[in-house]
Amino acid sequence: MSDPSIVSPMSVIAPVAEAPILNAELFLFHEAWLLDHFDFEAWLDLYTDDAVYWVPLEVGQSDPLTTHSLVYDDKRLMQIRVRQQTHPRAHARLPLSRTVHQVGNVQAQDIDEAGEQTIRSTLILFEYRRERQRSFAANVVHRLRLQGNAWKILHKRVDLINSESELDGIAFFF
Amino acid sequence: MGAISSQQIGALIQEDRVHRSVYSDPAIFEMEMSQLFGKAWLILGHESQIAQSGDYFCTEMARQPVIVVRHEDGSVKVLFNRCSHRGAMVCHDQSGNTKQFVCPYHGWTFETNGNLRFVPLAHNYGESFVERMPQFNLTPVARVDSYRGFIFASLAAEGPALSDFLGHMTSSFDDMVDRSPTGEIEIAGGVFKHAYNGNWKLVLENHNDTVHPAFVHASSVFAAGGPETVASTSVSDISIRQMRQNGAPADVWEKLGLWTAGPGHSYMGDYHDDKRLVAGLTNPIFKEYAEALTARIGEDRANDVLSVHRFNSIVYPNCSFMSQFRQLRIVHPIAVDRTVVYTYSFRMKGAPPALFQDTIAFGNVVNGTASWVLTDDLEVYERTQKGLTGQLSDWVYLGRGFGDDRPDDHAMVRGGTGTSEIHIRSQFAAWKHYMTGSAA
Numbered sequence: 142m143s144d145p146s147i148v149s150p151m152s153v154i155a156p157v158a159e160a161p162i163l164n165a166e167l168f169l170f171h172e173a174w175l176l177d178h179f180d181f182e183a184w185l186d187l188y189t190d191d192a193v194y195w196v197p198l199e200v201g202q203s204d205p206l207t208t209h210s211l212v213y214d215d216k217r218l219m220q221i222r223v224r225q226q227t228h229p230r231a232h233a234r235l236p237l238s239r240t241v242h243q244v245g246n247v248q249a250q251d252i253d254e255a256g257e258q259t260i261r262s263t264l265i266l267f268e269y270r271r272e273r274q275r276s277f278a279a280n281v282v283h284r285l286r287l288q289g290n291a292w293k294i295l296h297k298r299v300d301l302i303n304s305e306s307e308l309d310g311i312a313f314f315f
Numbered sequence: 004m005g006a007i008s009s010q011q012i013g014a015l016i017q018e019d020r021v022h023r024s025v026y027s028d029p030a031i032f033e034m035e036m037s038q039l040f041g042k043a044w045l046i047l048g049h050e051s052q053i054a055q056s057g058d059y060f061c062t063e064m065a066r067q068p069v070i071v072v073r074h075e076d077g078s079v080k081v082l083f084n085r086c087s088h089r090g091a092m093v094c095h096d097q098s099g100n101t102k103q104f105v106c107p108y109h110g111w112t113f114e115t116n117g118n119l120r121f122v123p124l125a126h127n128y129g130e131s132f133v134e135r136m137p138q139f140n141l142t143p144v145a146r147v148d149s150y151r152g153f154i155f156a157s158l159a160a161e162g163p164a165l166s167d168f169l170g171h172m173t174s175s176f177d178d179m180v181d182r183s184p185t186g187e188i189e190i191a192g193g194v195f196k197h198a199y200n201g202n203w204k205l206v207l208e209n210h211n212d213t214v215h216p217a218f219v220h221a222s223s224v225f226a227a228g229g230p231e232t233v234a235s236t237s238v239s240d241i242s243i244r245q246m247r248q249n250g251a252p253a254d255v256w257e258k259l260g261l262w263t264a265g266p267g268h269s270y271m272g273d274y275h276d277d278k279r280l281v282a283g284l285t286n287p288i289f290k291e292y293a294e295a296l297t298a299r300i301g302e303d304r305a306n307d308v309l310s311v312h313r314f315n316s317i318v319y320p321n322c323s324f325m326s327q328f329r330q331l332r333i334v335h336p337i338a339v340d341r342t343v344v345y346t347y348s349f350r351m352k353g354a355p356p357a358l359f360q361d362t363i364a365f366g367n368v369v370n371g372t373a374s375w376v377l378t379d380d381l382e383v384y385e386r387t388q389k390g391l392t393g394q395l396s397d398w399v400y401l402g403r404g405f406g407d408d409r410p411d412d413h414a415m416v417r418g419g420t421g422t423s424e425i426h427i428r429s430q431f432a433a434w435k436h437y438m439t440g441s442a443a
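Keeping their order, the protein sequence lines are chains A and B. Throughout, the numbering used here is defined as the position within the first sequence, counted from one, plus 141. Throughout, the numbering used here is defined as the position within the second sequence, counted from one, plus 3.
FYI, nobody ran anything at the bench for these hints, they're computed from the structure. Treat the hints with care, as some may be off.
[Stated by the list, open to error] Partial chain B-side listing against chain A, Cβ under 7 Å, derived: (1) S37; (2) G41; (3) E187; (4) E189; (5) I190; (6) G193; (7) A226; (8) S239; (9) V343; (10) A357; (11) N367; (12) A373; (13) W375; (14) S396; (15) V399; (16) Y400.
For every residue, glycine included, the Cβ atom is placed at its ideal position computed from N, Cα and C.
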């Protein structure tokens with residue numbers, strides 16, 4: 142669990158957290174912070190109930206239903222991933238991978254007619270587990286929607302540059 | 004490193020145990036590449052990957068790059084992907100369509116049957132070079148054959164015919180194809196390529212190991228479980244149902260059929276009772292599909308086709324597939340402690356599109372590199388490999404169900420229960436046969 146004495150960059154900018162004006166960069170930094178500090182319940186709370194978390198298998202993949210995906214989760218499957226980590230025989234997840242999600246090149250698009258905010262970014266991720274470190278790079282697109290007084294993630298797409306390559310098992314979140 | 008004698012190799016395999024070095028010794032792995040992967044029929048893919056003249060895909064046999072290509076006369080050629088001049092791979096793309104293969108190094112140009120057609124500056128290679136050019140055709144792999152559209156090849160010129168090699172395993176390929184309402188299937192939906200730091204044999208042993216789900220997959224059974232019902236239309240539906248099925252109680256697994264056939268092959272019966280995952284007329288998608296099948300082959304035959312209940316079928320040494328769920332894996336050994344498995348889904352031509360969406364969702368949970376289920380298998384392969392590097396304990400015990408194996412129809416042997424390790428004992432009997440040249 143996260144060290145309570147360390148605070149996320151999101152929480153020190155009170156106006157951002159409380160007002161519906163979105164600081165795209167801080168929002169993505171906050172998501173990365175939660176994942177890197179094992180605060181998965183708070184991470185799930187960043188997502189709407191009808192959210193999709195998608196890591197396509199193929200470059201430029203347009204369809205998750207007729208082509209395989211590394212991850213194509215609705216909220217319930219995301220919750221199952223988080224719940225699996227709590228089981229004493231979660232072999233590939235005990236211990237959990239340590240990660241650093243380095244978010245960069247953040248570009249917030251104009252809010253569209255449906256009130257949805259699209260944010261493009263890049264992700265450099267380092268993962269460490271059992272004497273092995275791996276690195277990943279991805280182009281990421283978040284789509285956010287205002288829910289009550291808070292922005293929530295409606296759709297997250299992570300295009301790994303090596304999604305089509307031979308990959309060892311992946312048991313962490315991008 | 005000195006050669007290992009047949010006697011030494013033979014001593015590693017006993018009736019109910021094997022020596023750990025068969026998983027961990029690099030010299031034995033090199034011998035496997037020449038004696039086992041260099042002799043057996045290996046599955047390479049499916050004809051739907053090269054439907055048109057000039058279509059090709061690249062793969063490997065015993066770590067050697069090969070091209071599988073549809074020649075203009077319609078025949079399937081399997082050629083070593085190595086220029087006959089200085090050795091560069093003449094084809095680098097994983098798949099595509101071409102009229103010729105042009106070496107990137109000095110422009111030697113080959114037809115899709117491997118014939119050398121053109122050499123720049125041919126006169127530089129000597130006066131009679133044009134007459135000698137046929138000596139420089141791309142080398143074809145010794146034997147190529149197919150069964151129901153599945154392409155096999157062998158690096159050995161001599162050996163059993165494909166039909167003799169497969170034996171009654173043909174019935175599992177039949178199951179895969181016969182379920183299609185048009186009798187046609189095609190690879191579709193992309194390829195998962197999952198890798199692990201472990202020996203290639205571990206994955207083939209695991210696929211028909213019916214005791215492992217309760218332990219290896221305990222966390223995903225738990226996570227997907229609970230009192231909540233599963234909707235029948237959401238994207239999570241198939242994943243949750245499949246994870247839950249792995250939690251079937253022990254007596255379900257024990258009652259399953261588990262058969263071995265031919266040199267190291269095996270298949271198991273099916274353990275699913277979820278009507279959304281398997282043949283069940285209560286599912287509207289399945290009903291529509293069953294009607295299409297019945298319209299083509301009649302009710303009696305359709306009932307026969309749909310009453311086959313199989314889960315994994317293993318064709319030793321490089322293939323494992325799920326005929327009922329249209330998944331196929333090809334095992335690529337990389338090193339004694341490194342393996343990559345390519346997994347493919349099949350679409351039944353003429354079946355409702357929604358059924359293929361179920362196939363994709365099923366593949367995501369069963370074969371996906373980031374799946375809740377597969378990641379735990381890969382973790383256990385790696386822990387097994389680590390355990391087998393230890394020096395103090397040499398033997399790996401394969402005694403579950405030993406002594407209860409019994410002959411069955413079609414020259415097969417059936418395990419006393421579905422939880423037997425008969426399939427692993429059978430794999431090692433075949434292994435010994437290939438590696439020492441003895442009778443299987």
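Hinted contact E189 (chain B) with chain A - closest CB pair below 7 Å | violated, 12 Å
Minimum beta-carbon distance criterion (7 Å), G41 (chain B) to chain A | This hint is violated: G41 (chain B) lies away from chain A, its Cβ roughly 23 Å from the closest one there, beyond 7 Å.
Quick one, is the A373 (chain B) hint okay against chain A at 7 Å, beta carbons?
-> Result: holds, 4 Å to nearest chain A Cβ.
Interface hint status, I190 (chain B) versus chain A (Cβ within 7 Å) | violated, 12 Å
Hint check: 7 Å Cβ-Cβ cutoff, W375 (chain B) to chain A = holds, 6 Å
Agreement of hint V399 (chain B) with chain A interface, Cβ distance less than 7 Å = violated, 20 Å
Would you check whether S396 (chain B) satisfies its interface hint, that is, whether its CB is within less than 7 Å of any CB in chain A?
-> Violated, about 21 Å.
Report holds or violated for the interface hint on A357 (chain B), using the least CB-CB distance to chain A and a cut-off of 7 Å.
-> violated, 9 Å
Have a go at the S37 (chain B) hint: is there a Cβ in chain A nearer than 7 Å to its own Cβ?
-> violated, 24 Å
Is the interface hint for Y400 (chain B) satisfied, with its Cβ closer than 7 Å to some Cβ of chain A?
-> violated, 21 Å
Is the interface hint for S239 (chain B) satisfied, with its Cβ closer than 7 Å to some Cβ of chain A?
-> S239 (chain B) check passes; min Cβ-Cβ to chain A is 5 Å, inside 7 Å.
Agreement of hint N367 (chain B) with chain A interface, Cβ distance less than 7 Å = Holds - the Cβ of N367 (chain B) comes within 7 Å of chain A, reaching about 6 Å at its closest.
In the structure shown, a violation is registered for the earlier hints numbered 1, 2, 3, 4, 5, 10, 14, 15, 16, in ascending order.
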